Every structure is written in C-alpha cells, then in structure tokens.
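Chains as they are written, first to last, in the working numbering: chain A, 1 to 146; chain B, 1 to 368.
Just so you know, these hints were derived from the structure itself, not from any lab.
If a hint is listed, it holds; no wrong ones were tucked in.
Now the stretches of chain B that chain A is said to cover, found in silico as 3 or more residues with beta-carbon under 8 Å:
id, stretch
1, 35–45
2, 215–224
3, 299–313
4, 326–336
Simulated DEER-style distance windows between Cβ atoms:
id, chain 1, residue 1, chain 2, residue 2, range
5, A, Lys-3, B, Ser-208, 23 to 29 Å
6, B, Gly-321, A, Gly-89, 22 to 28 Å
7, B, Arg-134, A, Lys-8, 54 to 60 Å
8, A, Ser-15, B, Ser-189, 54 to 60 Å
Keep in mind that this is a model prediction, so the values were computed, not measured.
Glycine residues also receive a C-beta, built at the ideal position from the N, C-alpha and C atoms.
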Amino acid sequence: MTKIADNKITKNLLSSELKKMITLDNGFIYSDPEFLYELCKELKQNELTQYNYLKSISAVDYIEYFELVCHLDSMIYNTSIVIKTKIYGRNNLSVKSLTSLWKGAELQEREIWDLMGIYFDGHPNMKRILLWEGFKGHPLRKDFLK
Amino acid sequence: MSVNNELVTVNFGPQHPSMHGVFRMRVTLDGETIVDIEPVFGYLHRGTEKLAEERTYVQIVTLTDRLDYVASMSNNLAYVSAVEKLCSIEVPKRAKYIRVIVAELQRIASHLMATGFLLQDLGAFGTPLMYCFREREKILDLFEILCGARITLSYMRPGGIFQDTPNEFWSELETFMDNIPGQINELESLITGNEIVLSRTRNIGVLSPEDVINGSLSGPMLRASRVKWDLRKANPYEIYDELDFEIPIGATGDTFDRYLVRVKEMKESIKIINQCVKLIKPGPVRNEDVPLVIRAPENEAYAAVEGPKGELGFYLVSDGGISPYRCKIRAPSFMNLTLLKEMAIGGKIGDLIVNFGSIDIVLGEVDR
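Make the full structure from the sequences, and use the hints.
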C-alpha cells in the first residue's frame with residue numbers, strides 16, 4: 001500500500017533554508033512559487049525521501065490565485081506526497097520548469113500553459129499543445145467566455 | 001562522387017493508417033535516419049476537463065467512456081474510485097468483485113487490440129489483427145449482456161455498479177474463460193518465436209529503467225523496462241490485495257518486451273478473473289445511500305487505477321457543489337508519449353511505426 005508521507009517528518013528532513021520557505025496546511029505542503037523547484041529538487045535527491053516519480057502536475061483556478069499541485073511518488077519507499085504552490089495574479093504568471101528534474105513534466109507543463117496560462121521558465125519547448133497557435137485565452141480558467 | 005544529404009521533413013498524419021487515430025508527427029529525415037521528430041497533439045481535443053466542470057458527478061461517467069474508448073471499463077473504474085474517495089462512499093463487496101472482473105476483461109480486450117495493431121504496423125496485414133479482434137468481439141458480447149452497450153459502457157456508478165449481472169452472463173463468461181487461454185497461446189505461437197517479428201522488434205526503441213521512471217511512463221511501457229511497478233500491487237484498490245497474481249516484467253525494454261509483457265499480462269488477467277468467479281458471493285451491488293445528485297464535501301482527492309495503458313488517475317477538487325470544481329485527468333497514453341523522441345531519434349523511419357505502435361496510444365485519451 002502506498003503510504004502518504006507525514007508532512008512534519010518530511011519537513012524536518014529538509015535544509016534549514018527550505019524549512020523557512022514552506023508551510024504545512026490542511027495535510028499539504030505549500031511552497032512559494034520561487035522555491036518550488038528547489039523544494040522538488042531536494043525531495044527528489046534527498047536519500048531519505050527519493051521522490052523519483054512525478055505522477056501529475058495540475059493547476060486549479062481559484063479566481064484570486066492559481067494553485068499548482070504536484071503529486072509525487074517514491075518508487076523506492078512506496079510513499080506519496082502532494083506539493084502545492086499558490087500563484088497570485090491573472091496575467092504574466094510564470095514558474096520555474098520542473099523538466100530538468102523529471103522529464104515527465106514536459107507535456108503536462110505545456111498543457112497547463114495552454115489551458116490555464118501559467119508559463120514555465122526553462123522549459124525546452126514551451127508552446128501550446130492541445131489548441132492551435134494563435135488561439136485567444138486559456139479555456140480552463142474560470143473567467144473564460146464570461 | 002558527392003552525396004547530397006539534404007534534410008527532408010515528412011508530415012506523418014493526422015490521416016494515416018498507422019497513426020492509431022488522428023495523431024501527427026513532423027519527422028525530419030537524413031536519408032532514412034530520423035534526425036528530429038515533433039509530435040503534434042490536439043486533433044481530437046474535446047475539452048473533457050472543462051465539460052466535467054458543468055456536469056453532475058454521475059453524468060461525468062459518460063464522459064470518461066470517451067477518453068480511452070477501447071477500455072471504457074477501466075476509465076469508469078478510475079473515475080468512480082476518485083468520487084468514492086472524495087465523498088468517502090462505501091462499495092459493497094459483490095460490486096468490487098464484478099468491477100475487477102470487468103476491468104480485467106477490458107484489459108484483455110485492450111491488450112489484444114494493442115498486439116493486433118502492432119502486428120498490423122509490422123506489415124502482417126489482416127490475419128493476426130483478425131485473430132485478436134475475434135477474441136475481443138467475445139468480450140464486447142459479454143459487456144453487451146451486462147449493460148447493453150459494447151464500447152461506451154457507463155457501467156459503473158459512484159458506490160457500485162448500475163445493476164446486477166444477468167444469469168446468462170456467468171455461463172457465457174465460463175465458456176469464454178475456457179477458450180481464451182488456448183486462443184492466446186495460438187496467437188503467441190504465431191508471433192513470439194517468429195523470425196521476422198524478432199528481427200523487426202528486438203533492440204528497437206530501447207528505454208532504460210531510469211529513463212522510464214524519469215519520464216513518468218506507466219503500465220506495460222514501465223514494466224517492459226524492468227521496473228516492477230503495478231498499482232494493483234503497489235497501492236491495491238478494490239480487492240486486488242486478496243488475489244494472487246504476478247507482475248510480468250521485460251528484460252531489455254525494447255519493443256519486443258513491450259509486446260511480451262502485454263501477452264503475459266493477459267494471462268495474469270485470466271488468473272485474476274478465475275479467482276474472482278470462485279470468490280464472488282451474492283449480495284447488493286450498489287450503495288443505496290448514494291443520492292443521484294451527489295454533493296461532495298469541500299475537499300479534493302486523487303485516485304488512480306492500473307488501466308491497460310498505465311496509471312489512469314483522476315484529480316477531483318470540490319467546492320461543495322453538485323459538480324466538480326476541477327477535474328484533471330492523468331491520461332497514461334498522453335504521458336507515455338513523453339519519450340517518443342528518445343525512442344525514435346537515431347533510428348530508421350521504418351522502425352518509427354513499430355516504436356509508435358508499441359506505445360499503444362488511444363487518441364481520445366491523449367487529446368481529451
């Protein structure tokens with residue numbers, strides 16, 4: 001059975017700089033968008049966590065802010081964890097891409113850019129994926145066509 | 001004599017017999033060798049995730065049928081498990097057994113199609129595909145007895161299945177289960193030792209275990225590359241923890257291994273169905289406390305099942321209303337295309353079709 005990792009234990013494993021950057025709330029780990037990459041890198045490379053499998057990245061539009069949700073799995077320890085980050089604003093949103101950590105992020109990040117309008121810096125091929133170039137707007141946003 | 005080695009760009013698809021739907025690849029060639037490849041998505045994009053935001057939880061079951069349209073039962077199962085997790089709904093034991101039986105039947109049907117089309121892509125026109133379709137047809141007949149539909153089944157509901165099985169289903173299933181091992185062996189005897197198949201698939205599109213994990217691949221693609229990871233064992237859902245079965249893995253991670261893993265998985269599915277038929281007991285098949293219009297609590301849930309193509313997950317976010325606030329689909333076919341570039345570049349154009357066939361994608365799921 002995949003164990004859901006205890007967030008408090010996970011937090012204690014991190015370096016002191018990263019500890020300051022994350023907050024635990026409602027059973028999830030929240031990080032600032034600027035530190036998402038560092039946090040994921042640490043979780044992947046730390047001997048005691050080894051989250052080597054990126055299950056999914058999704059974005060949710062809560063109107064005041066966007067939430068980026070990463071579901072990570074460790075195939076070595078059979079544990080799972082959810083990392084979230086809140087991105088405030090509606091225009092010119094960007095986060096550092098996770099593709100250099102997990103190649104599996106490549107297509108999903110393009111999908112998030114296409115449908116939600118969050119740009120990923122450092123992505124090797126950042127362009128629309130399901131819709132055509134020149135399409136106006138990002139359809140999964142709540143204010144699309146309203 | 002000078003050789004003119006100008007690069008040529010070829011447009012593969014969206015209308016092409018070996019594209020398994022409406023997929024398109026822009027391939028740059030140096031002679032016969034692939035230099036660059038760019039997949040183009042979206043020809044079948046219907047906005048399923050957006051549509052789901054405006055439908056009730058039960059209505060979305062019909063949308064999931066149209067994702068991976070050769071494995072509707074698995075899609076139904078993945079979606080209803082997410083709703084059940086979100087709303088903490090109990091499922092009766094009999095319903096769980098029936099769900100596992102139909103999901104494994106669907107796995108056999110899907111793998112038969114994958115194998116048939118791989119052989120079709122290899123140039124074995126007609127015969128192996130028809131052998132596979134003949135067996136798949138019998139599975140579709142079984143589904144027709146269960147729910148009246150053959151492809152878009154909508155058989156499952158949050159809290160169970162929509163009705164109990166008719167009596168004739170069990171006798172038909174028994175006949176089918178008596179015949180299928182022989183039929184799979186017959187198919188295997190035609191393919192597994194075949195000299196032409198071996199020379200076309202061995203050491204083609206080899207993926208290392210590190211690559212497939214890093215690329216978030218799942219299902220037979222992952223297991224063919226020696227990664228022993230199957231959600232039915234790693235994170236058992238329904239009643240898989242009570243059943244006895246093996247996870248077949250490949251040896252080198254090439255196209256032949258992906259075919260072989262699928263064939264072995266079909267045999268494991270037969271084992272699972274036989275155990276379920278023995279263990280199943282009469283009882284209710286649907287949790288009667290679940291209302292027709294479900295109002296989920298303000299929460300979120302991610303649930304995944306091991307579908308025929310890989311990890312099929314649904315991430316549901318609820319704001320307390322009658323439809324999900326956000327419904328994200330983690331489609332295995334889509335994720336499995338991540339490493340298409342790594343598989344194809346440096347190879348020959350003829351092998352591209354075989355590589356692509358061995359990924360086993362369904363466009364309904366890729367483009368959603």
